[in-house]
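Please take these sequences and the hints and turn them into a complete structure.
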Amino acid sequence: MVNVFRKDMLVTSFLIALFIFIFGFYIGSMVDESRISNGEELLVITQLDTDSFLTEKEFMNTFEVQDCSLLNNRILELSNNLNEIGKVIEKYNVRKISNDKLYDQLKRKYFLLEIRAYTLRKQILETCESDGSNIILFFYDTQENQESLNQGYALDSVVKNRGDVVIFSIDGGFDEPAVNSLKEYYNVESEPTIIINYETKKEGYINEEEITKLLK
Amino acid sequence: MVSTVTVYLWVLAFISVFVSLFWMIVNSVSKQHKKEIVVLKNFPKVTVAIPVWNEEKSIISTLECILNLDYPLDKLEIIIVDDKSTDNTVGVVKKFISKHKNILLIEHSKNKGKAGAMNTALSKARGDFFWVYDADSYCSKDLLKNLVSRFYEKNNGDVGAVVSITLIKNQGNVVEKMQRLEYVMTAFIRKLTGTVDTLHITNALSLFKTQLIKKLGGFDEGNLTEDFEIAMRLRSRGYRIVMCEKGNFYTRIPSTIKKMWMQRVRWFRGFIYNNLKYRRMILNRDFGLLGLFQIPLEVFVLITLFVSVIILGFNFLEEIINLVFRVYIASNTLFDIAPNSTTQLVLGLNWNFIFPFFIVLSTAFYLYLEAHKYVGEKWKFYIPSILYLFVYPFFRSMQWVHAALLESFGAKKKW
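Protein sequences appear in the order of chains R and W.
Okay, so the first sequence: first residue is 323 according to the numbering used here, each after it adds one.
Okay, so the second sequence: first residue is 3 according to the numbering used here, each after it adds one.
The set of hints was computed from the structure by calculation and includes no laboratory data.
Be aware that a few hints might be false.
Said to hold, decoys possible - If you want a taste of the chain R side facing chain W, the calculated C-beta under 7 Å gives, among others:
| # | residue |
| --- | --- |
| 1 | M331 |
| 2 | I338 |
| 3 | A339 |
| 4 | I342 |
| 5 | F343 |
| 6 | R357 |
| 7 | N360 |
| 8 | V410 |
| 9 | K413 |
| 10 | R417 |
| 11 | N472 |
| 12 | D478 |
Said to hold, decoys possible - Rough simulated footprint, nothing fancy, chain R against chain W, three-plus residues with beta-carbon under 8 Å:
| # | stretch |
| --- | --- |
| 13 | 27-41 |
| 14 | 328-337 |
| 15 | 349-363 |
Computed from a predicted model, the values in this text were never measured in an experiment.
Using N, Cα and C, we set each Cβ at its ideal position, and we do this for glycine too.
Here it is, written out as C-alpha cells:
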C-alpha cells in the first residue's frame, strides 16, 4: 500500500484537538460563570434573609416587642442555610478553572454574612435566654490540611447526631479584615480551631466525643 | 488555581485526542486509496520454521494446517526445530513426517529458546522467504500466498518483513475475551501504522526475506521479544515492514490473569530493552515519521504510564485515606447527600475531569468500532468490553511498572 502520510494530517489533528480544548475551556469558563452567578444568587437570598431578620429585630427593639423564640428560630434557620451555602461555594471553589477574583469575592461575601450571623446570634443571647442550641465557630485550612478535613467530618457528625448545633465555618487563611479581626479576637494561630459557644477554644483536631462533652 | 493533577490530565487528554484524531484521519484517507492486488504467477520457495517445545498436542494440527495451505507443496520447506521438549513432541512429529517428504526435524541437544530454534532453522533454510510459524497457531488457507504477494507489489523492494492480522483462537473466559478486544485493536493499530510506514513490529506468523535475515545475523538469542528486536533491526537498517490485510492467523493466548500478566511483562521488558537498544532512532530525522512521531509517542506513552501510576496512585491513596478517616470519624454522614438543587448538582460536578475524559473516551470508542469493522468482527458491548476499556488500562500500567522494575534491576530473563 502507498504511504498515505502527509504533514497536514498532523497539523489538522493538532488544530482540531486544539479547537476541542479551547471549546472545552470556553465551556469550563461558562460553567465557572454559572457557578458564580448561582453562588451570588444564593448569597443574595441569604442577604435578604439577614436584612429581613435585622429589620424585624429593629422593629421589636423600637416597639418594645420581645419575641425571643421567634428571633432564636430565625437566626437558627439563617445559620443553617448559611452552612449549606458554604458547602456549595466551597465545592464550586475547588472545581474552578478561572475567575479566581470572582470566586474570592464570592467567598468574601459569604464569610462576611457568616460573621454577621455569628455576631447577631451573640447579640440575641445578650437580650434573650438561650434556646439551648450550641454554636461552633470553625476555622479551617483549605491547603490540603487533613486535620481540618477530619475536623469537618467530626463536626458534620456532631450536627447530625445532636440536631441542636450550628456551625460557622471560616477559611482561616482567607485574607479579609473581618476574618482577621475574628482570628485576632480568639487568638487563633493555627487551623483547625473551634470556638464552642463563644468561649471555649480548642486548637487541633478534637473528636466528636470531646466536642459533645463541651456542648450544653 | 487549577491543581497539578488536573493540568496533567488535561495535557494527557490533549495528546490522546491529538493522536486519536491523527489515526482517524489516517484511517479515513487510507480507505480512499485503492489497494494494489498482485497475482502470483511463479510461487517462490518458502521455508516454514516451526520452533517447538512441548507441543505434542498441537503440532499435528499445525502441520496439517500448513500442508493444506493454498500454496504449492513443492514450494514449501518445513523445518521443525525441537528445543529439547520434555514430552513426546519428537515422537509425534517423527511419526507424522515419515509420511511427508518436505518436512525436516532438527532436535536441539539443549534448550536454546525460541530465537535459538529459529536461527537453527534459518541456517538450514533454502527458501527465498522465511516464515516463522508458532506451533500453537493456525491460519487461513490464503495467508501465505497473500503474505508473499506483498513483497512483489510496486515500490516494495525495500520491504524486509510482512506481518499479518493476529486474532485469537481461544475465547472462552473473561480474560480471553478481554484479550480478544486487545488483539482486535492491535491489528487495527498495526494496519494504521503500516499505512503511514511506521510499522516496526513483527508477530508470530511474519514472513521475512531469508537472505536479508541471514545478512542481518539472524534472530537475537537471549532477547525476550526477538520478533520486536528483528523488526527494530530491519527498520534501523532502512528496511520497511508492511501489513498483510488479507488472511488472518489465530494464536493461543493465556487464559489466566497470572499467565497473561507474565506474558505481558515479558513483552514490555522486551519493548523497554529494545527501545533502549535502538534509542538512536528516537527523534532521528533519518527514520522519518517512525523516528519523529511513532517511537517517541510510544516512549511518551510509557513514561506517562509511570507518571500516571505515581500521580494518580498518590491521589487515589489520598482519597482512600480521606475515606478511611471519614468512615472512622463520621460514618453516619457517609451517605448524606446535600439537599442541593439540580443546578447545584450539575455545577458541582468535576467538569475539569469529565470533559476531557468524555472526549478521549469518544475518540477511543470510535477507533474501537473501526477496529472491529476492520477485522470483520461484530462489535458488542459486554462485560469484557467494559473491563478492557476501564479496568485493563490500570492493570497494563502495573504490568509496565513491573516490567520496568525487572528490567532496571536486571532480573533473569524468563520465557
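Hint check:
1. M331: Since chain W brings a Cβ to about 5 Å from M331 (chain R), closer than 7 Å, the hint holds.
2. I338: holds (5 Å)
3. A339: Holds, because the Cβ-Cβ distance from A339 (chain R) to chain W comes to roughly 4 Å (cut-off 7 Å).
4. I342: The hint holds - I342 (chain R) has a Cβ within 7 Å of chain W, the shortest such distance being about 6 Å.
5. F343: holds (6 Å)
6. R357: holds (5 Å)
7. N360: Check passed: Cβ of N360 (chain R) comes within 6 Å of chain W, closer than 7 Å.
8. V410: Result: holds, 6 Å to nearest chain W Cβ.
9. K413: Check passed: Cβ of K413 (chain R) comes within 5 Å of chain W, closer than 7 Å.
10. R417: With a closest approach of 6 Å, the R417 (chain R) hint holds.
11. N472: holds (5 Å)
12. D478: holds (5 Å)
13. 27-41: The restraint on the stretch 27-41 of chain W holds, since 7 of its residues have a Cβ under 8 Å from chain R and three suffice.
14. 328-337: n = 5 at 8 Å, threshold three: holds.
15. 349-363: Contact hint for the stretch 349-363 of chain W vs chain R: holds, 9 residues under 8 Å.
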